[in-house]
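Sequence lines, in order, name chains A and B.
Counting from 7, one number per residue, gives the positions in the first sequence under my numbering.
Counting from 7, one number per residue, gives the positions in the second sequence under my numbering.
Certain hints may be false.
As the list claims (entries may be wrong) - Pairwise CB distance ranges, derived in the manner of DEER restraints: (1) B:44 to A:93: 38 to 46 angstroms; (2) A:93 to B:64: 52 to 60 angstroms; (3) B:60 to A:60: 43 to 51 angstroms; (4) A:60 to B:21: 50 to 58 angstroms; (5) B:19 to A:107: 19 to 27 angstroms; (6) A:67 to B:113: 23 to 31 angstroms; (7) A:204 to B:91: 28 to 36 angstroms; (8) A:161 to B:54: 56 to 64 angstroms.
Hints were generated in silico from the structure; no laboratory data involved.
Given the structure is predicted, the values throughout are model-derived calculations rather than measurements.
We treat Cβ as the ideally placed atom computed from N, Cα and C, and that holds for glycine.
This is what each chain is made of:
2 protein chains.
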Amino acid sequence: MVLNARGDREMDTEAAEIRVLDAAATLFNERGVQAVGMDAIRTASGVSLKRLYQAYPSKSDLLEAVLRRRDEVVNAGVERYVAGGADPRARVLAVFDFLADWFAEPAFRGCVFINTYGEMGGISENVAAVARGHKLGLRTRLAELLAETDLPPAAGEALAAQLALLANGAMATAAITGARDTAQQAKAAAGLLLDAAGV
Amino acid sequence: MVLNARGDREMDTEAAEIRVLDAAATLFNERGVQAVGMDAIRTASGVSLKRLYQAYPSKSDLLEAVLRRRDEVVNAGVERYVAGGADPRARVLAVFDFLADWFAEPAFRGCVFINTYGEMGGISENVAAVARGHKLGLRTRLAELLAETDLPPAAGEALAAQLALLANGAMATAAITGARDTAQQAKAAAGLLLDAAGV
DNA sequence: ACAGCGGGAGAACGATCGTTCTCCACCGCA
DNA sequence: TGCGGTGGAGAACGATCGTTCTCCCGCTGT
Numbered sequence: 007m008v009l010n011a012r013g014d015r016e017m018d019t020e021a022a023e024i025r026v027l028d029a030a031a032t033l034f035n036e037r038g039v040q041a042v043g044m045d046a047i048r049t050a051s052g053v054s055l056k057r058l059y060q061a062y063p064s065k066s067d068l069l070e071a072v073l074r075r076r077d078e079v080v081n082a083g084v085e086r087y088v089a090g091g092a093d094p095r096a097r098v099l100a101v102f103d104f105l106a107d108w109f110a111e112p113a114f115r116g117c118v119f120i121n122t123y124g125e126m127g128g129i130s131e132n133v134a135a136v137a138r139g140h141k142l143g144l145r146t147r148l149a150e151l152l153a154e155t156d157l158p159p160a161a162g163e164a165l166a167a168q169l170a171l172l173a174n175g176a177m178a179t180a181a182i183t184g185a186r187d188t189a190q191q192a193k194a195a196a197g198l199l200l201d202a203a204g205v
Numbered sequence: 007m008v009l010n011a012r013g014d015r016e017m018d019t020e021a022a023e024i025r026v027l028d029a030a031a032t033l034f035n036e037r038g039v040q041a042v043g044m045d046a047i048r049t050a051s052g053v054s055l056k057r058l059y060q061a062y063p064s065k066s067d068l069l070e071a072v073l074r075r076r077d078e079v080v081n082a083g084v085e086r087y088v089a090g091g092a093d094p095r096a097r098v099l100a101v102f103d104f105l106a107d108w109f110a111e112p113a114f115r116g117c118v119f120i121n122t123y124g125e126m127g128g129i130s131e132n133v134a135a136v137a138r139g140h141k142l143g144l145r146t147r148l149a150e151l152l153a154e155t156d157l158p159p160a161a162g163e164a165l166a167a168q169l170a171l172l173a174n175g176a177m178a179t180a181a182i183t184g185a186r187d188t189a190q191q192a193k194a195a196a197g198l199l200l201d202a203a204g205v
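Generate the whole structure from the sequences, applying the supplied hints.
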């Protein structure tokens with residue numbers, strides 16, 4: 007956090023940005039992007055339209071900021087679970103424990119990248135690129151975890167891709183069907199795939 | 007096809023409805039639902055707004071018709087592939103061959119149920135219900151195919167759920183990342199899960 | 001105390017959308 | 001030839017949205 011000469015004023019601006027990001031993330035998650043008006047974000051965040059547009063010059067800028075922040079939050083959440091794993095197998099499976107706790111949140115309505123790609127991926131290359139980056143990041147992280155095993159690199163990459171399919175499928179399926187045990191099903195399947203690879 | 011006293015007139019109406027459904031499905035797939043105006047559907051289909059609103063009294067009625075038709079088309083496509091399988095294992099894996107050919111279509115931009123749920127599932131219970139029905143249908147069909155094996159029913163249901171996760175994950179991942187071998191990765195993972203179950 | 005300015009509330013603006021309405025050309029039938 | 005009625009093209013309407021502007025309050029430095 008950087009302060010300029012008028013320190014507290016700067017902090018207020020930063021707090022306003024965070025409130026805007028939180029409100030927008032919540033509303034986008036609940037209703038999608040296009041169904042949420044800037045006025046609703048203003049009301050939910052308590053930040054005036056003038057400051058809102060000072061921080062994010064357009065709605066698509068705000069959306070991009072929300073997605074980038076969500077990317078960081080999700081990655082950090084994954085790392086929190088992965089860190090508790092004793093060996094590579096446990097660390098990979100911990101990703102699915104992260105999913106289980108995420109799906110159990112009352113506000114869970116799916117992965118914002120999958121949802122926003124579905125809504126705007128066809129009309130916004132920015133949205134498509136951020137979603138692509140996020141999903142490639144998950145797959146890459148799984149590959150990194152598997153690189154710690156004695157699996158050949160190519161086999162690790164292939165297994166990581168399959169585990170990412172399970173994770174993404176669990177996100178979409180849990181959102182749509184609401185089935186409460188989706189993450190556990192995915193974790194069980196992931197365990198079988200790890201077994202088959204000898205991990 | 008039912009004809010009334012003014013036979014050909016009735017056929018024109020039916021042809022118009024099909025043109026509207028085709029145009030709407032294409033545009034919704036390309037751009038999402040809310041970004042497509044009724045005027046664009048009118049232009050793409052060549053059916054006047056008056057007849058369009060005679061057939062579908064509102065945009066959400068049209069969306070529901072598009073989704074129901076897509077459900078039938080997808081199910082029929084799956085059956086076409088499944089029918090070629092010699093044994094239950096081959097029939098289950100044929101579902102992933104269906105995915106491979108689907109993903110290779112130039113207009114592929116993901117599963118319309120996943121996409122539309124992401125866009126409107128939070129604001130339209132109808133959309134959420136149709137998406138849920140479609141996804142439960144896929145899972146149920148997989149369970150039926152596995153019921154033909156000597157797997158215990160509970161194990162078949164669990165395996166079907168895991169295979170459905172792979173299929174849905176492949177749809178979302180192929181759409182977002184554009185990776186061309188996504189369906190093959192999912193098929194390989196499905197094969198390993200079938201191996202583990204002894205199918 | 002007072003000029004100046006940053007910020008808040010919300011009106012205003014232009015565009016777009018879903019839906020309806022108007023107007024007119026065309027067709028079957030007497 | 002005249003007539004009723006169906007359907008097409010597109011204007012019209014009311015609502016909503018993203019974005020900007022106006023007006024005014026309250027603070028700040030002298």
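Results of checking the hints against the structure:
1. B:44 to A:93: 38 to 46 angstroms: This hint is violated: roughly 57 angstroms between Cβ atoms.
2. A:93 to B:64: 52 to 60 angstroms: At roughly 56 angstroms between Cβ atoms, residue 64 (chain B) and residue 93 (chain A) fall inside 52 to 60 angstroms, so the hint holds.
3. B:60 to A:60: 43 to 51 angstroms: 49 angstroms, holds
4. A:60 to B:21: 50 to 58 angstroms: 54 angstroms, holds
5. B:19 to A:107: 19 to 27 angstroms: Given about 53 angstroms between the Cβ atoms, the range is violated.
6. A:67 to B:113: 23 to 31 angstroms: 30 angstroms, holds
7. A:204 to B:91: 28 to 36 angstroms: Because 29 angstroms falls inside the window, the suggested range holds.
8. A:161 to B:54: 56 to 64 angstroms: 58 angstroms, holds
Consistency note: the structure conflicts with the earlier hints numbered 1, 5.
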